[in-house]
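Protein chains in written order, with my numbering: chain A, 39 to 393; chain B, 39 to 393; chain C, 39 to 393; chain D, 39 to 393; chain E, 39 to 393.
Hints listed in this document are in silico derivations from the structure and should not be mistaken for laboratory results.
Please note that the accuracy of each hint is not assured.
If several chains are the same, the list does not tell them apart, and a pair holds so long as it fits within one copy or across any two.
Here are the computed lysine-lysine pairs in the DSS-like style, where the Cα-Cα straight-line distance is at most 27 Å [claimed, not checked]:
| id | residue 1 | residue 2 |
| --- | --- | --- |
| 1 | K257 | K328 |
| 2 | K290 | K119 |
| 3 | K119 | K200 |
| 4 | K257 | K83 |
| 5 | K64 | K229 |
| 6 | K390 | K328 |
| 7 | K119 | K205 |
| 8 | K328 | K391 |
| 9 | K255 | K391 |
| 10 | K286 | K139 |
| 11 | K255 | K328 |
| 12 | K139 | K95 |
| 13 | K390 | K286 |
| 14 | K229 | K257 |
| 15 | K229 | K255 |
| 16 | K286 | K95 |
| 17 | K390 | K95 |
| 18 | K390 | K197 |
| 19 | K139 | K265 |
| 20 | K95 | K119 |
Okay, here's what each chain looks like letter by letter:
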Amino acid sequence: MARILKRRSKKVGAAPGTLVHVGEQKAEQVRLMLIDYDAGNYQEKQIDDVADCGGFKDTDTVSWLNVDGLHEVGIIESIGKQFGIHDLVLEDILNTHQRPKVDDCEGYIYVVIRMYKSDQASEGDNGSEQVSFLLGSHFVISFQEMIGDIFDPVRDRIKNTKWRIRKLGADYLLYALIDCIVDHYFVFLEKMGDTIESLQEEVASDPTEDTLRQIHKLKREMMMFRKAVWPVRDLANALVHSESSLIKDETKVYLRDVYDHVAQVIDTAETYREMISGMLDVYLSSISNKMNMVMKVLTIIATIFIPLTFIAGIYGMNFDHMPELHWKWSYPALWGVMITIFVIMVCYFKKKKWL
Amino acid sequence: MARILKRRSKKVGAAPGTLVHVGEQKAEQVRLMLIDYDAGNYQEKQIDDVADCGGFKDTDTVSWLNVDGLHEVGIIESIGKQFGIHDLVLEDILNTHQRPKVDDCEGYIYVVIRMYKSDQASEGDNGSEQVSFLLGSHFVISFQEMIGDIFDPVRDRIKNTKWRIRKLGADYLLYALIDCIVDHYFVFLEKMGDTIESLQEEVASDPTEDTLRQIHKLKREMMMFRKAVWPVRDLANALVHSESSLIKDETKVYLRDVYDHVAQVIDTAETYREMISGMLDVYLSSISNKMNMVMKVLTIIATIFIPLTFIAGIYGMNFDHMPELHWKWSYPALWGVMITIFVIMVCYFKKKKWL
Amino acid sequence: MARILKRRSKKVGAAPGTLVHVGEQKAEQVRLMLIDYDAGNYQEKQIDDVADCGGFKDTDTVSWLNVDGLHEVGIIESIGKQFGIHDLVLEDILNTHQRPKVDDCEGYIYVVIRMYKSDQASEGDNGSEQVSFLLGSHFVISFQEMIGDIFDPVRDRIKNTKWRIRKLGADYLLYALIDCIVDHYFVFLEKMGDTIESLQEEVASDPTEDTLRQIHKLKREMMMFRKAVWPVRDLANALVHSESSLIKDETKVYLRDVYDHVAQVIDTAETYREMISGMLDVYLSSISNKMNMVMKVLTIIATIFIPLTFIAGIYGMNFDHMPELHWKWSYPALWGVMITIFVIMVCYFKKKKWL
Amino acid sequence: MARILKRRSKKVGAAPGTLVHVGEQKAEQVRLMLIDYDAGNYQEKQIDDVADCGGFKDTDTVSWLNVDGLHEVGIIESIGKQFGIHDLVLEDILNTHQRPKVDDCEGYIYVVIRMYKSDQASEGDNGSEQVSFLLGSHFVISFQEMIGDIFDPVRDRIKNTKWRIRKLGADYLLYALIDCIVDHYFVFLEKMGDTIESLQEEVASDPTEDTLRQIHKLKREMMMFRKAVWPVRDLANALVHSESSLIKDETKVYLRDVYDHVAQVIDTAETYREMISGMLDVYLSSISNKMNMVMKVLTIIATIFIPLTFIAGIYGMNFDHMPELHWKWSYPALWGVMITIFVIMVCYFKKKKWL
Amino acid sequence: MARILKRRSKKVGAAPGTLVHVGEQKAEQVRLMLIDYDAGNYQEKQIDDVADCGGFKDTDTVSWLNVDGLHEVGIIESIGKQFGIHDLVLEDILNTHQRPKVDDCEGYIYVVIRMYKSDQASEGDNGSEQVSFLLGSHFVISFQEMIGDIFDPVRDRIKNTKWRIRKLGADYLLYALIDCIVDHYFVFLEKMGDTIESLQEEVASDPTEDTLRQIHKLKREMMMFRKAVWPVRDLANALVHSESSLIKDETKVYLRDVYDHVAQVIDTAETYREMISGMLDVYLSSISNKMNMVMKVLTIIATIFIPLTFIAGIYGMNFDHMPELHWKWSYPALWGVMITIFVIMVCYFKKKKWL
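Whole structure, please, built from the sequences with the hints as guidance.
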């Protein structure tokens, strides 16, 4: 549960705009990486002194500042001052449980979204982290909770002059990063799909209580995923219809594509949700069927042997006057009777399809 | 599951507009068929060199280029260049798991939709494939995953001068193709309906675990179908209200008709969904009823014979002083008592309606 | 199931506007009845030659042409030509599984709706048939699947000069006919209500598997009814807000009334739906309760007699050294012990409220 | 069920505007009460001759005509004529199963709403009746099904000059009456709440089949209440945003207040609905738990005594060569074995928490 | 239930605007605290005579009057008169079961919202109370049901000149108070989350009937919380888009932040709701599993020993002619047979995975 709603307690009652990091510290140290490029130039460097990072703000090249680690509030604050970011936005960046959204502020656009990393998706919420983006006229600043992300394909494309990204502006960079995140939603869904498939077989063939636990774990993960992804549709829509001059019309075609992808992700997620519900039904009816089988075994055994035991009991009585006891053929005759009863019973159960 | 979400992994992180075929290769070879016609002329030929297909672009006749097979990216790319198609659209054509949609691009309209082939519908997703259409002022290009489609009636009508289609433009051809696809949704639903009907009888008369498995299979297929059909309503609506000059007002009357058909398909699909849910309820209560019957049999046998066995047990004891043992009529009297108990029990169960 | 989705197969792939009758042939022969009236005149006659029916098109009197039977495509086609009806509309008239809707065409309005006949409502879909109306400036043409309808009260009012209908136009006639159909929805619901009531009692007192089957039949009928009635609300709304000059403002007040009635029908239908779901719950918990009772009987008998039988078994053993066997009072003492155990058991079950 | 859908049959097929009373006759005699007031004057009288009631129509005082009993169609018709009410409105007044709504007619406003009387609420639908209001520039006419209503507080306020109502117009009177009706929805909900509370305890402690029946009765009543109350929100909204000059802006502030109250009623009703569903779940799992307990008792007894009885059976056999039978200590030794088995069994069940 | 719907009965039928306190008296005495501040000045005092509180109305400083306790209607009325508050608003302040809402009145804005206090949240509704705010151009009046609130952090910030709140107007104060309330929704959700987490473990490991009761209690609390929080989203939205001059544009940025927080609260609440439903499913299937296990134990014991007991019964019969009884090795041979049967049975159950 700790994963679901991180302690916001330290913040409760604080003045709005008070910068407090809400969430676990996931990176040991804050790391700032700057990538600066235009059609002809490319430069990548680690920034050690935060005070330096404002320098690229007014250059004509596209600058991408990536911040890994949010626990050192001072660094975020310093960046905020150099780029003129509103306190409330900085607060949102630091609070790692935001609902995905776009804020169109003066001079920049703020986007917050949840990133699912493919290599850890099975760990539930731990496989995801919050990413915030600030888009200015010539820069994108991204804030991640920890080192390690899914943006390497974008970095590779920036390095290589042949790709369009080198010729286009900061808004296209923002698009490329968001597109990368949405693409990984598909990877997450694929993993989900595989798990659902194997669970479906398990449920049908040999369900145990552990199966049930796994189904519910899956259901919970799906719930978390939905919570993260549904608002992304509105986010993409808001970007497509943004009136900000920061997003050029050429880029909007691409953002529309992101919107379509998110719609597809949501469709698939809904389908999976129904499948998981369906599995619960199968599980329950499978339990019922098992119980039914157990009951049948009991009933067959009891129904055959209880009457026979009764008959044996009769002739175990010690009455002085029981003529049958003294007849010569009564013992074999009794065996005959009992075998007949047995056969009739078995036929009855065969007819009832219990055997 | 592989059917539900094809591996998009090869694409993850790729630059947008990178052309990669996402999906299984379903055709051995890409085949291009061109049908070129106007009121007076008709010509049908296979195109072997992709570079040739741009030739008909500016003619006044209506040209329908049908592409079977999407796995050779180069061919799609070449067509894209000749007709000036946006990279993102080509990407969508190649990704065979698109959500049905319309994109109104400059100079052409892009439509993607899922086709259900009647002869394979029972194979689940395999019975369906994605079809993309590009509508230009004088041409329609259709992209299918494999050879073999449901468009032969349209081809027949084009061949014959008596039909209206020969006198009308490319937009009417697009309509005719979409109409054909929607008509086959009804065929799919009919098959579904037949399966539901036979399952309903099976569930009512003699449900087995296999019945349950079939119900869930049906449910899953219905879910897939819904996912494919729901967006078609928006698609048809978008075409009806399109402001593009590529779709003439005369054709919109027909497109409205398609919209009505899709609405009817969705209505029926929803009804089927409820019916399938209803079958699950019947199944479960039928299992309960069976268990109830098993329990009754056990209870009747046990309740009759356990007390009788007890009585027999009493007179099997070896006490020295048991006066009943020595009376002359006690054995037949005991039989009388036991038969009386038996009769009372049977009457009790008759009254309870257990027998 | 055949009732749910009639074979549209003969139509699949046909050119749009191809006239094919989709549905069962329900009338032996097509019958055309014409009623022609204005404030002062009244005339009713059967038309034998279809070619004649166009004659009344341009008269100032209101003409109502009623067509019973749709299987003779030629007749419908001929009427269509005489009144200038679009091919797609004729196609819809012939396809007896349309979704209720209004089409505002040039020169006429097309309305299709489902009619529930009160005398056959219990037969499921058979009790309903599709009715199409064409409203022109001075005529209404109605198409029914078979002879026999619910419009006699309207015919009676037309015959009698005292009623308003004689003074008003064709739009009022259309309203009167639709109103009549909607009124019969209430009759259908009443019958449903009676069935629900009697089933509710059956479920509460003595539910059998047949009860379950009836509940599901009811549920299915309700589903069909909803499918037929929900779109009628939009239909009524569209008529109220129609901008066509064919519907006068005076008539719209009446159409609003129809809209209110349909809203009421839908409300009641929803209530019934919930009631039917409630019955399923009651049925299932009633089955559970029954099983519970069976189990209790078994448990009581077994719990009382198994220990007693064990005791009897003890003293049926043949050990040489069993001193109790030789005591004089051990037999009656044992009876005392067994009766005590019996009484304790019974008290225990009384306390547990199992008896 | 008769309560749910009153026989509308007498109306089916009748001309629209035909005045027929639909519903049970609930009052013996129609009674007309007139209250006529302005800031300075107050007059209350019973009107015996319907023809008289039109007299107050054009006076400047506010007149409130209350009609108890709807079964005498002539009276309603006469009132309708004197005040110029449309036939369809009169028809709605007489049909006591209207959906709550507002109709903005020329010269007057028609409001129909369902009134829940607090003293009979437990009788289901019988505790409610339909009230229709006609608001003119200087009059309000209210139609009730029977004598006895909840408007006495309003009458008291009118009598007393100190209240605002004396200085305000007919629209404020209408508001006061509707407000009174909505206030009684809260009273109804309170009663519901009490019943839910006591049922919740019953379900948790000692549920019987009667409890289930009561839960379903409650559910049905709630369904009826919802059906009556949901449309009132739209009604209130329509009054607040009415463009009719009959409702003054000063009064709209008050009507907004009614709207807020209805929203609160609906919120609470929804909460109750969920509570009732929750109770059904508790009931079912309580039944399951009971069965579980019964099964445990059976299993404990059978599992302990069946093996012991088998052992006793062994030494009841009559083989000539059974050495144990002749040993001196075998009988007490056997008791030792049996007690040991007994103790082990009991420990096992203790560990399993079945005891 | 008393907590759910407080007796409104005393109000039923009263004239609108009649001031009656609806709810429990939660404070012993009404206490009025005034905080008066601007950038340079700060003053805090208790007001003993209500008549004095109007004095600060027209000063330029921001005045916050906090009223604890609503049961003395006279005090509220007096405040209302001094500040020109509409009767209906005063009525709403006194009725402690309002739906959260904003009313934009002339000269002031009325906000009513539910406050969850973190230290009592587990007490259900008792942990929450209704807070009303009146925002004027230079004042905020807050009405609470009892002494003790969650606003101390706001008070601390006001005391300290370093905070922005000292420089900003009454609208910012209102925002700060609402923000504080919304922050405490997160605290409530956290507690909920902890409870859900511990219940989830309990349900999975060892569910009892008490677990079920707790789940339903949780569900009910969640229902109450939803009822309180859902309307707050609309409330925040209304404030953000308010056209009143009382709310400055600078403050709207902050109110938007509140809106985002409420959206997040609702998302989390919905997730919890689904989790609680999931727990019910787990509980039920866990009960089924337990029953299944009980049945298995019974079946294993009965199935093994009933046939063996039958065999023992056979040789306990007293027939004169039973040759086996006299053979020397028949007793050990019988043991062999019985042990063989036992072993076969155990193997069978092992194979069935019942052991």
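(message) If you test the structure against every hint from before, which numbers come out violated?
(response) Going through the list in order, the structure violates hints 4, 13, 17, 18 and respects the others.
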